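As a plain string of letters, each chain reads:
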Amino acid sequence: MKVTVKVNGVERTADVESRLLLVHLIREVLGLTGTHIGCDTTHCGACTVLLDGTPVKSCTMFGVQADGREITTVEGLATNGQLDAVQEAFKEEHGLQCGFCTPAMMLVGASLLERNPDPTEDDVRWAISGNICRCTGYMNIVKAIQTAARAKAAASEPASV
Amino acid sequence: MAAEPEVIRGIGHSVKRKEDDRFIRGKGNYIDDIKLPGMLHMAILRSPFAHAKINGVDVSKAQGVPGVVAVVTGDLMAQHNLAWMPTLSGDTQAVLATDKVRFQGQEVAAVIADDPYVAKDALELIDVDYEPLDVVVTPQRALEPGAPLIRDEKEGQSDNHIYHWESGDKEATDKAFAEADTVVALDTHYPRSHPSPVETCGCVADVDAATGQTTIYMTSQAPHAIRTVFALVAGLPEENIRIFSPDIGGGFGNKVPVYPGYVVATAASLLLGHPVKWIEERTENLISTGFARDFHMHGEMALKRDGTMLGLRVSLLADEGAFHADAQPSKFKVGLFHIVTGSYDLPAAHVEADGAYTNKAPGGVAYRCSFRVTEASYLIERLVQNAAYELGMDPSELRLKNFIKPEQFPYISATGFEYDSGDYHGAMNLALEKVGYQDLLKEQEAARAEGKLIGIGLASFTEVVGAGPHKDYDILGLKMNDGAELRIHPTGKAILKISSQTQGQGHETTFAQIVAEELGIQPEDIKVQHGDTDNTPYGLGTYASRSTPTVGAATAMVARRVREKAIKLAAHLLEVSEDDVEYDKGRFFVKGAPDQVKTIQDVAFAAYTNFPDGMESGLEGVYYYDPPNLTFPFGTYAVVVEVDAETGEWKVRRVVAVDDCGVRINPMIVEGQIHGGLAEGFAIAAMEQITFDESGNCIGSTFLDYLIPTAWETPRFETFETVTPSPHHPIGAKGVGESATVGSPAAFVNAVIDALQPLGVKNIDMPLTSARVWEAIQAAQGGA
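Same order as they appear, the protein sequences are chains A and B.
Numbered as in the working numbering, the first sequence ends at 167 without a single skipped number.
Numbered as in the working numbering, the second sequence ends at 806 without a single skipped number.
Isolated chain A (complex conformation):
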């Protein structure tokens, strides 16, 4: 079946089996390996991408179901080579260790900040509760997303005269 998606701003078309999972479409057909697979059953969240801006677990959707939709993966977080505030903050706050859950965590974080620019700790913890991390104990992931929120707020403030 033919599927056309807009991935990180670029329209891509592929001819795939209807049973091909979205995560495999992204990783194997489109070659974007920053999206990972951890559990096959929608629990770990390592495969999370943004579908029209909303986090979805791409192991639990067929590629063809994404036809005509817009997908953002970790490779699309930076703009013109400029890292997103969430990416900067993950490094700054030591929000990652092995890095395997990180792309999904950052996408969920970025999506949260779109909806809620000033999240509380509980807001962040709830938002990322579909994503498992085994390395960090989540402390610094939470901190990183809140740091990113502050950085975004500071960047959007009008420059003082």
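Hints were generated in silico from the structure; no laboratory data involved.
If you're wondering where the values come from, they're calculated on a predicted model, not measured in any experiment.
Cβ atoms here follow ideal geometry from the backbone N, Cα and C, with glycine treated the same way.
There are no misleading hints in this set.
Below 27 Å or equal to it, Euclidean Cα-Cα: the simulated DSSO-like pairs (lysine-lysine) are:
1. LYS519/B x LYS97/A
2. LYS149/A x LYS40/B
3. LYS49/B x LYS158/A
4. LYS423/B x LYS326/B
5. LYS38/B x LYS149/A
6. LYS97/A x LYS49/B
7. LYS38/B x LYS158/A
8. LYS12/A x LYS49/B
9. LYS57/B x LYS8/A
10. LYS613/B x LYS590/B
11. LYS515/B x LYS97/A
12. LYS197/B x LYS326/B
13. LYS176/B x LYS75/B
14. LYS40/B x LYS97/A
15. LYS456/B x LYS149/A
16. LYS142/B x LYS122/B
17. LYS142/B x LYS8/A
18. LYS38/B x LYS97/A
19. LYS493/B x LYS192/B
20. LYS142/B x LYS57/B
21. LYS149/A x LYS673/B
22. LYS97/A x LYS149/A
23. LYS515/B x LYS549/B
24. LYS40/B x LYS158/A
25. LYS57/B x LYS12/A
26. LYS456/B x LYS474/B
27. LYS97/A x LYS549/B
28. LYS149/A x LYS49/B
Just so you have them, the derived chain B footprint on chain A, three or more residues with Cβ under 8 Å:
29. 44-51
30. 95-106
31. 129-138
Label-pair distances were calculated between CB atoms; the ranges are:
32. ARG163/B x ALA84/A: 53 to 61 Å
33. ASN262/B x ALA20/A: 35 to 43 Å
34. ASP181/B x ALA20/A: 54 to 62 Å
Got chain A; can you put chain B on it based on the hints?
Here is chain B on its own, set in the frame of chain A:
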């Protein structure tokens, strides 16, 4: 006025991690990201039965599926003498079953196809004729007379008993118990858990039929040891084997062993002349790869009425599964469990251990712990709390009274460990202060008066890491020493090649910081290479918190070796005798004339452009480190919980962690390691468990059943430190990756038990699910 020299970001600096730049861009290179031309895909057929005879395997239908290139069975592997392989404990393990299957999930056959979906389709078409046999799911049942014999293929094996092992002095311990005023006992099961890194295991095997070059990309925590094992198992020349561990998505011990999938994929690549990729599904990872713990323990402590500890007696029964595959030093059958005297000056101790085969997955890997110290630490810390209740003492007081005192170090324990350094009182007192212990006791009393259950749990762990000295520590005969190689380039930049492999611990940053400290090259100017056996020195790998104690030491020592030559070069440049050159943080200067100075960059350039006659050019070295002793990190964790007696639900209110891992190379990374360890300790105490039904079906084969805490369940942590350097480690560091997983489960459980004191509950086995807590409350109250 001379400019201030730039601060060298060596030891003690929270340098941001170098590895992050690729990870935050999604540019990590994990096993499943590796694609080679002509690569085929492998899927493994696994047994649905825990114990069954195999009467036949019919692969004809599977072979006929378009896209299937080959189907591999145990018989085919047997033709190449590869149906069985050695385990890390010197036992054997089936690669693909030939005679019978011994646990649910055991590898039976493999399909190689040009597409992973096709490979999985074809698995469905393999017809295996199983004849179910009686199943043994507990080690107690395994050792009963007449129990079904699991390892009937093993010569001389007439029952399911694997080993008996003892440590300590039985006679002295018996004497201590005879003189005791009080004996406190505890029976507890440390449940089977699973490390479950978010990335599963996998490999891409690439054998070049023309040259024999065998490159295996593998999620391995121990690539060098694996290379040697492959050479021995497959009879391949070791120089032709290259193990390449790419970025690893978490290990926690799960990625130490050799798994059947690696062997089959390599054999298939050899036979087919194509690279073969095998990536585990999560269920395969949970039901077949290295589990952890599963110790049934009995502990007894002898004390005087005043609380003085006299002796400790422990017996345990280990459930090893169908093949004895513990990853541990060969001299010690239950790892370093005999550290069970913990942080206490216990004059006498005796440990007895037995291992049994059951129809369960093999493994026994250390899940974020150094060779069974987790089980040991849990048992002693639970016993101490119960002893305090028995004696009517405060658990903190009983600990403070019996801790090994700072002046007693180095301290020889009753089971023969030489503890290097410690200040247990200091760590405990800091934890008590930070958690506000005295106020909490008052609050607890007031709450109890109102029928509310608040608990305060303490655990003062002593870890034992950094294996180890060559005299006592080897795996399959390979001494547990590790290497580092350092080359300084003409421009003063460097490459450090290390034998251990990172899985998130930040080696690319911290090991560069060690070199920075010793030579004055900034960490960002030092590339750290690891994971590629062709391009790194030999070593036993990253697990058991051993990288910093062994490879960290090798790194410091190789940098010092290089510095000796650097001093000669500096003397040449400064036109003085080398005895007149001093080094301080990257500056080589003339004694008494600090303005006459050369930097490491000047010296490095001279090593290739302007060296004295008779000196070899270049500036590099290699060092293999044989630790003189293990290191003994320690700390005290204090946990505060609230328990709802009606539902058995418990909530963590505070977690205060005081860790002493000696000198901290990168405090930010150390703290991150402790956070992760605390989360996994909480997970084990609260929810993680691999269980089996009577038929040996694994209950816990997906993340729906094997519960891992998310950010929502995981408590907040408050971390603090004391610093007691290791006296024998070149930079005084001890290792920290696992301390919190070792120490914290007892603190969580002790807190819940403490909350339930008014009800008389003495023990609940982990995981402390609400149901188990509720049942314990009911039982204590004489309810149904």
